[in-house]
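Residues -22 to -1, 1 to 367 in mature numbering (1 follows the signal peptide of the UniProt record, and there is no 0) are what the sequence shown lists, from first letter to last.
Don't read these hints as lab results, they were simulated from the structure. None of the hints are false.
Each pair of labels, with its calculated beta carbon distance range: (1) Gly172 <-> Val268: 45 to 51 Å; (2) Gly25 <-> Asn298: 34 to 40 Å; (3) Glu109 <-> Lys263: 49 to 55 Å; (4) Gly241 <-> Asp303: 33 to 39 Å; (5) Phe198 <-> Leu114: 36 to 42 Å.
Note that the Cβ used here is the ideal one computed from N, Cα and C, for glycine as well.
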Amino acid sequence: MKKQILPFVILSLFHLSTSAQTATFKGEVIDDQISIGYGVVTGDVDGDGKPDILLADKKEIVWYKNPGEKTGKWIRYVIAKDLTEQDNVCIAARDIDGDGKVEVAVGAQWNPGETKNNKLSGAVFYLVPTEDRTTLWEPVRLHHEVTIHRMHWVKKTDDTFQLIVLPLHGEGNVNGVGAGVKMIAFDVPENRKGLWGYDLIETNMHMTHNFQPMEVSGRFAGLAVGSKEGVQVFLNGVDGWAPSGNWMVPGQGVGEIRMGTLGKNQLFSTTVEPMHGNSLVVYSKDNRTVLTDKMKEGHALACADFFGQGRDQIVVGWRNPNVADIMGVRMFVGMDPEGKKWQEYSLDDKIKIACEDLTVTDLDGDGDLDVIASGRSTHNVVIYWNQKK
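Using the sequences and the hints given, assemble the complete structure.
Next comes the structure, spelled out in structure tokens:
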């Protein structure tokens, strides 16, 4: 495994005021030998107080230990391998019990063309950690539907979590037509090696490629689910999760969905349209703004405030070269209060990455958010270090 540290790349970013701000990202390839890199997340695996990187690769679930210093090596550990005949496809990691270490769940048996036989399509596992978290963990098989595709640990109340799992297709679907997708909500048992209770949530939606949890402590729990039909909000009520009938994006095929803030209590949604699509779109109030339509197979999306502007920027990745033979990761910075004007920037054109997934966290504890991305055909894991001062 080789490691590259690439030169500084400077982006000139502007506040909504007339004063300019300069932010610098330094790209670092921490692994150039992955297979696909289906899903990348972060969290403290070993309880040392530093966020680590976790990856769902083709046949392995791995984590990279945060060295705690910029010049340190990210050591790779395998915690699961060959869970199913088909590929792994997704991963969720979050500290759900307050012990300072993440709990990990994964989705596997990725076989999107098989929607009838659940022995051949779909799998969900909770991984029980060993005392030495650098060794193989114990997989516990949970209920699954066909074509398991995305998952999140979601805070149900202030002190309880659920594992929410979203398939891509409904049972028996052909080309996204047929029965609606059934989302799964798992309750976490006291004995995590035992039976996990679950509810099946009828979505009446198709090609549900991704979803975004919405959490407001003590007040609100929701899910924004993207599909062929658009983005619908699901709410957690006294009878469990159910569709609200509130469509954030109606009648428009959506592959990725994330939410951010424009500041001053104004929110926006951003999507990749359609599934594996070419367009990055922002929805704010009654506005629909296409930021770019130059992607090919857009597949990764995040919103966060990287520069302390009091509003979020957008990071998007795509995995195939477009007509200009470009692929990779781009950042969009808002230039007006309404969310209609955005400026596009490249994080680092010197790094070739066919972006399959990305996530955002502060890896070095400097108070600024960094970007972590996985590359499909480029077989790499890249950290884009935010050097904002």
